[in-house]
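Keeping their order, the protein sequence lines are chains A and B. Take 372 as the starting number for the first sequence in our numbering and just add one per residue. Take 278 as the starting number for the second sequence in our numbering and just add one per residue.
Please note that the accuracy of each hint is not assured.
To be verified - Quick list of the computed label-pair ranges, beta carbon to beta carbon:
1. B:Lys430 <-> A:Ser608: 34 to 44 Å
2. A:Asn578 <-> B:Ala336: 51 to 61 Å
3. A:Lys532 <-> B:Pro340: 51 to 61 Å
4. A:Arg609 <-> B:Thr468: 49 to 59 Å
5. B:Thr466 <-> A:Lys556: 37 to 47 Å
6. B:Arg583 <-> A:Glu529: 53 to 63 Å
Claimed, not checked - Here are the simulated BS3-like cross-link-like pairs (lysine-lysine), alpha carbons at most 27 Å apart as the crow flies:
7. A:Lys377 <-> B:Lys563
8. B:Lys626 <-> A:Lys377
9. A:Lys556 <-> B:Lys430
10. B:Lys601 <-> A:Lys532
11. B:Lys709 <-> B:Lys626
Bear in mind the hints are in silico, worked out from the structure with no lab data behind them. Glycine included, C-beta positions come from ideal geometry on N, C-alpha and C.
Here is how the chains run, residue by residue.
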Amino acid sequence: MSVSQKLSFEKSVSGRTGVDLGAPDFPSVDAAAALGGLVRTDAPMLPELSELECVRHFTELSRRNFGVDTAFYPLGSCTMKYNPKVNEAIAADPRFTRLHPLAAAPLSQGTLGMLWELGAWLSEMTGMSEFTLSPMAGAHGEMTGIMLIKACMAARGEAQKRDKILVPDSAHGTNPASAALCGYKVVSVQSDEAGLVDMKALDAACNETVAGIMLTNPNTLGLFETNICKIADLVHSRGGLLYYDGANLNAIVGRARPGDMGFDVAHLNLHKTFATPHGGGGPGAGPVGVSRELARFLPVPFIERRDGAFRMSEDRPESIGRIGAFYGNVAVCLKAHAYIAALGAAGLREASAAAVLNANYLRERLKKSYSLAHDRPCMHEFVLSGADLPGELTTMNVAKRLIDYGFHPPTVYFPLIVKDAIMIEPTETETPETLDDFAAAMEAVRREADESPGLLLDAPTSTPVTRLDEAMAAREADFCWRPDED
Amino acid sequence: MPYVPHTPADRERMLARLGVGSVDELFAEIPAEIIDPEIRLPGPLGEPALLRRAEELAAANAPRAADASFIGAGAYDHLVPAAAAELIRRAEFYTAYTPYQPEMSQGLLQSIYEYQTMVASLTGMDVANASLYDGGTALYEAALMAVRITRGKKRRVVASADINPFRLEVLRTYCRAVEVELVEVPFDTETGAPDAESLAGALDDGTAGLLVQAPNFFGVVSDVSDFAEAAHARGAVLVVDAYPVALSVLRSPGSMGADIVCGEAQSLGLALNFGGPYLGYLAAKKDFVRQMPGRIAGATADTQGRRGFVLTLQTREQHIRREKATSNICSNQALCALQACMTLTLYGKRGFRELGERILAACEYARASLGGLKGCSLPHADPHFNEFVLRTSRPAADVLARLAEAGICGGYALGSSFPRMENDILVALTEKSTRSGVDRYAEVLEGLL
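Isolated chain A, as found in the complex:
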């Protein structure tokens, strides 16, 4: 990686441009005359670079970044698996990319059919009755799911009395945030010593004021909720609904289905389980599946199949409404569709098997050098603790030192119920050799912690910048470049 880090604005030379629109085709119009007092008089802050300079600028930026294609990226709960290139190639076909969202149905049968088929496949894989593909990320799916629960409770005449959502203390932050936004009081349910939902605590918390519970299974500790069927019975018997956060579906896809466990609503993350790229933070996709009872509340529009032809419909009178301007991140859905078609049911089963095997193997290799939060077999991920590191060293120092060994660090300080957590999810697409290399690096870092802690405190040193001052960023509040800063 290089150390040059000029901003595009700092490379700008007045008069350059990187796009040639060609000779004007229409008679030109004087903007000031056409727009009068509404014409723009101040030039916006845009850099002026030639096309080659632009290409070099962004190529350089890409070299100062790290993805799954660079090296191992064991970010827990994020399922950073390989993103197959054939899916990218398929989604780049102009017959998909150039389709307008309001194009008439006869022009868009391929895309409509693909979306319809993907919905059906997701239902089959999860045991849910019907899916909407509109949610554009996991948290968007969660919000949609909570709205569906609210709509169901309203239809049952219980919207007023059921004003709480239960969330285990091990849950992702988006769970309580989504529930609270929809006006629910969030009640945290503690985990038991084994790291699972405490049945007694659940029994005490789950009463006639509870609309539902949000669960991840396996949970964020990578442990399967063995009592899941009992949990579902308990919650249902008290009149509540179960929400499945699909962040960890990669552990069980092809082997167990949220619908069979008793979940009423489930969101999936196509960018985790179904191998679509994370895009540096998005776009993902967070389709939501529901049980038969809740299907009538799903968002509009939805795809109908009639006489072998597909069309968009909004004919769903009890729908919660539209949750995005159009139909979700369609190109992401197309990549997931290709992934599922490539694997088939047997391939999905093999993928989850390898994900769980990889996690357990790495867990076994690392449990001597780091303390394990819960010393029992895991599913697709596991959590170590940095709490017993010597001296002033913290989990963050371990993470930063791993960067110098060429790895992306695991998720750190999450889940919150493990002190100084180090959460590792290797995924199925990594070879045992890679896991061995990573384990060796983790072990080396642990030795360094005792022998030369300075290496951890100063890390990373192999990157274009060293440790960055986050407090200063918040204090300075410099979110936009201004020319006078030079």
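With the hints as your guide, set chain B onto chain A.
Just chain B, lined up with the frame of chain A:
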């Protein structure tokens, strides 16, 4: 099996290390009554078969659906510069996740900072966030931000009904869910613009925000200064939903008193993709930055004093604040923001202005050409930027169906969103529109009326 690298020998070695006889034993915690259901899916498909299947799907779409297209309505067929389309496929970008480890994510973080700079400057705001899902969710996030700015005491927002109906529907859905009262004020049917008097009348001291779109859904450009004044007089903020390409030639909403500017930025070089992924953007005055949703990148220094970038003000966000977060958003549309950043960088100051002027010229020509036909009229007042309403003497749906037979996608039938506009077609132009294309549209249309 694709993408799983383990050989039988690998598996044996790993299982031996674990002291386990088979992979199935690792799933022993799953209750017997739910394990291993029969799952019926097609496949598996090897790469050749997968490509054949994709070819079948692609072939079932119209081969040239976007050509001779005059449909916009919130999604526009702009040029996707080849350089941006190529650069966005750099795998160091698209196979990364959110830049939680800034030292190894400077590329993305710097691009977010550059993007924020450009969006803030275009909109006339002080700060922009890293992205939201789309224009619809950006509008709802802006409305909720207005509620937070007024400290949650005011849970009422007023919106002009000439906002893009798909985005307005999203706003309705979310306002219902988060229990914010939404008052929709009819637009002025004579001018096609927001009705300033009615909007001012709908504001009260319990109103947190006034929401307008400029240019609006009908392409009508308005001065929002009066709306800003009316909103501020009631202690409310003005939210303006703006089409970013229009800001190449139009005064920024910020210069006219807007407090929050949001919208759909698909127009900044993103493909149509049947509706997504697109790019919601949101920018605001600096006083409101702590109430903003989503990720924000900020400049800072490393231990050696070198400039670097991090995600900042994270105490607003769900992974820190949980149920007290400003938004539940986690994954956003980062790669789309990067592509918009690339597109704006390629155009640059002059190129972007040129782009706006080209679109303005195309729109003026099409208005004169189509609006001047017998049986056609232009119901709305000037000025327009890229899009306008064409009123015909026959139901728009019929006219569009006939145009489609001639291979022309003539626009969007407004009757499906506005019952009293059955004869109205919303016509959009971009820099890809051609004079011969508009002339042919006029010729075919003339024959129909």
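| message | Given the hint of 34 to 44 Å, is the C-beta distance from B:Lys430 to A:Ser608 inside that range or not? | response | holds, 40 Å
| query | Within 51 to 61 Å or not, the Cβ separation of A:Lys532 and B:Pro340? | reply | holds, 56 Å
| message | Against the 27 Å threshold, does the CA-CA distance of B:Lys601 and A:Lys532 hold or violate the hint? | response | Status holds; Cα separation ~22 Å.
| field | Cβ distance range 51 to 61 Å for A:Asn578 and B:Ala336, holds or violated | value | holds, 56 Å
| task | Starting from B:Lys709, check that the Cα of B:Lys626 is at most 27 Å away, please. | result | holds, 20 Å
| message | Need the status of pair A:Lys556, B:Lys430: alpha-carbon distance at most 27 Å? | response | Roughly 18 Å between the alpha carbons, so the hint for A:Lys556 and B:Lys430 holds.
| Cβ separation of B:Arg583 and A:Glu529, checked against the hinted range 53 to 63 Å | Holds, since B:Arg583 and A:Glu529 (Cβ atoms, about 58 Å apart) stay within the stated range.
| query | Within a Cα-Cα threshold of 27 Å, do A:Lys377 and B:Lys563 meet the stated pairing? | reply | Since the Cα atoms of A:Lys377 and B:Lys563 sit roughly 25 Å apart, the hinted pair holds (cutoff 27 Å).
| query | Taking the CB of B:Thr466 and the CB of A:Lys556, does the distance hold inside 37 to 47 Å? | reply | holds, 44 Å
| query | Going straight from one Cα to the other, do B:Lys626 and A:Lys377 come out at no more than 27 Å? | reply | holds, 18 Å
| query | How does the Cβ-Cβ distance of A:Arg609 and B:Thr468 compare with 49 to 59 Å: does it lie in that range? | reply | holds, 56 Å
In the structure shown, no violation is registered for any of the earlier numbered hints.
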